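Number of protein chains: 2
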Amino acid sequence: MKELYDKILKEGKICPGDIVKVDSFLNHQVDVNFMERVGAEFYNLFKDSGINKIVSIETSGVIVAMEVAKLFDCRLVFAKKGKPLNQDNSFYESKVMSYTRHAEVEIRLAKEYLTKDDKVLVIDDFLANGSAINGLLDIINQSGATLIGCGVVIEKGFQPGGKALREKGIRLESLAIIDEIDVNKQTIKFRK
Amino acid sequence: MKELYDKILKEGKICPGDIVKVDSFLNHQVDVNFMERVGAEFYNLFKDSGINKIVSIETSGVIVAMEVAKLFDCRLVFAKKGKPLNQDNSFYESKVMSYTRHAEVEIRLAKEYLTKDDKVLVIDDFLANGSAINGLLDIINQSGATLIGCGVVIEKGFQPGGKALREKGIRLESLAIIDEIDVNKQTIKFRK
Numbered sequence: 005m006k007e008l009y010d011k012i013l014k015e016g017k018i019c020p021g022d023i024v025k026v027d028s029f030l031n032h033q034v035d036v037n038f039m040e041r042v043g044a045e046f047y048n049l050f051k052d053s054g055i056n057k058i059v060s061i062e063t064s065g066v067i068v069a070m071e072v073a074k075l076f077d078c079r080l081v082f083a084k085k086g087k088p089l090n091q092d093n094s095f096y097e098s099k100v101m102s103y104t105r106h107a108e109v110e111i112r113l114a115k116e117y118l119t120k121d122d123k124v125l126v127i128d129d130f131l132a133n134g135s136a137i138n139g140l141l142d143i144i145n146q147s148g149a150t151l152i153g154c155g156v157v158i159e160k161g162f163q164p165g166g167k168a169l170r171e172k173g174i175r176l177e178s179l180a181i182i183d184e185i186d187v188n189k190q191t192i193k194f195r196k
Numbered sequence: 005m006k007e008l009y010d011k012i013l014k015e016g017k018i019c020p021g022d023i024v025k026v027d028s029f030l031n032h033q034v035d036v037n038f039m040e041r042v043g044a045e046f047y048n049l050f051k052d053s054g055i056n057k058i059v060s061i062e063t064s065g066v067i068v069a070m071e072v073a074k075l076f077d078c079r080l081v082f083a084k085k086g087k088p089l090n091q092d093n094s095f096y097e098s099k100v101m102s103y104t105r106h107a108e109v110e111i112r113l114a115k116e117y118l119t120k121d122d123k124v125l126v127i128d129d130f131l132a133n134g135s136a137i138n139g140l141l142d143i144i145n146q147s148g149a150t151l152i153g154c155g156v157v158i159e160k161g162f163q164p165g166g167k168a169l170r171e172k173g174i175r176l177e178s179l180a181i182i183d184e185i186d187v188n189k190q191t192i193k194f195r196k
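Protein chains in written order, with the numbering used here: chain A, 5 to 196; chain B, 5 to 196.
Honestly, the hints are just simulated from the structure, not real lab data.
Some clues are possibly wrong.
Since the list gives no way to pick one copy over another, a pair counts as held whenever it fits inside one copy or between any two copies.
Said to hold, decoys possible - Taking lysine-lysine and the DSS-like style, the derived pairs with C-alpha atoms no more than 30 Å apart in a straight line are: (1) K196 <-> K99; (2) K189 <-> K99; (3) K115 <-> K51; (4) K120 <-> K6; (5) K167 <-> K123; (6) K189 <-> K120; (7) K51 <-> K17; (8) K115 <-> K25; (9) K123 <-> K99; (10) K25 <-> K85.
Note that the coordinates shown come from a computational prediction; the quantities given were computed from them, not determined experimentally.
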């Protein structure tokens, strides 16, 4: 997505540890009009797949997923992080690594909002090692729902998450794949 | 908002501890089309106030705030919860009580995304004791931005947050105010 490349190059902050911060339009401040166009990209990629539910994970994934759900005219359900106060068997549960918290966190999704009749598109903002998406796939698998595919805004192509998903035969669409980040030169290389 | 009353009565789950769960359309599963209409209500209430920034807090507040920001054609910035990994002086910080975590959590908002030139509408999903909104107001105060008002989807009128804000002269608009929850009778009374 050309506009996304331009925005990453113009507004992204390259930080040590192969980090590109896109806090100005996606993860902290949100450019809501741009998010509509991001949503439309995913809709165009998956529109003929019979999707009736969008699954995401808090927080930034939800920002993108909202726009996608609107175009598919379906419900969005997002996995919540952290242990619920009232533990019962009404949730699917999994675990993901939180890179911002440097720790494993539990995620959960209420069983009543995801069933075997659902055809699911998973949406998230970033894909690096794939921990968040794999947690969501675990939950979708528990539910018996059909996974149609995954859409992420920015994939870090030099980390293994995307490759592993594609090797499993999962349809993964990334609007931008970053293959190289050079913090000294302050450059980013996108996959063509 | 009549449609909101109806949705709370039809889909809300009344739980012990004066809790109304609206997980089916707002806090976990999201009815994205309904959220557009919620956003439009806030826009109509505040449209002549010169608002140029929407401030909210993760996670569910952001869902509502997205729609509001779109109608105001302005940026949304949301406070993040939890301690940042790299503590520096580039953030406004405050503290809020998290009722889901039963603990005080730090919140932060990057200084570059909120300045004294901003005219701010605060948006959140729930208002009970007002801890989250007061944390946001603290941050807005630190920034020097002008607070135009606050909009919340559901106010628990029997808890003190809303009253305290109004007594301070803050314009607070709640789309539904619940004055009574009876878990035994499974009834909800709205303020007229």
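Quick rundown of the hints versus the structure:
{"no.": "1", "hint": "K196 <-> K99", "result": "neither (33 Å within a copy, 44 Å between copies)"}
{"no.": "2", "hint": "K189 <-> K99", "result": "neither (36 Å within a copy, 38 Å between copies)"}
{"no.": "3", "hint": "K115 <-> K51", "result": "within (25 Å within a copy, 39 Å between copies)"}
{"no.": "4", "hint": "K120 <-> K6", "result": "neither (36 Å within a copy, 33 Å between copies)"}
{"no.": "5", "hint": "K167 <-> K123", "result": "within (23 Å within a copy, 45 Å between copies)"}
{"no.": "6", "hint": "K189 <-> K120", "result": "neither (49 Å within a copy, 34 Å between copies)"}
{"no.": "7", "hint": "K51 <-> K17", "result": "neither (33 Å within a copy, 34 Å between copies)"}
{"no.": "8", "hint": "K115 <-> K25", "result": "between (34 Å within a copy, 15 Å between copies)"}
{"no.": "9", "hint": "K123 <-> K99", "result": "within (22 Å within a copy, 40 Å between copies)"}
{"no.": "10", "hint": "K25 <-> K85", "result": "both (22 Å within a copy, 17 Å between copies)"}
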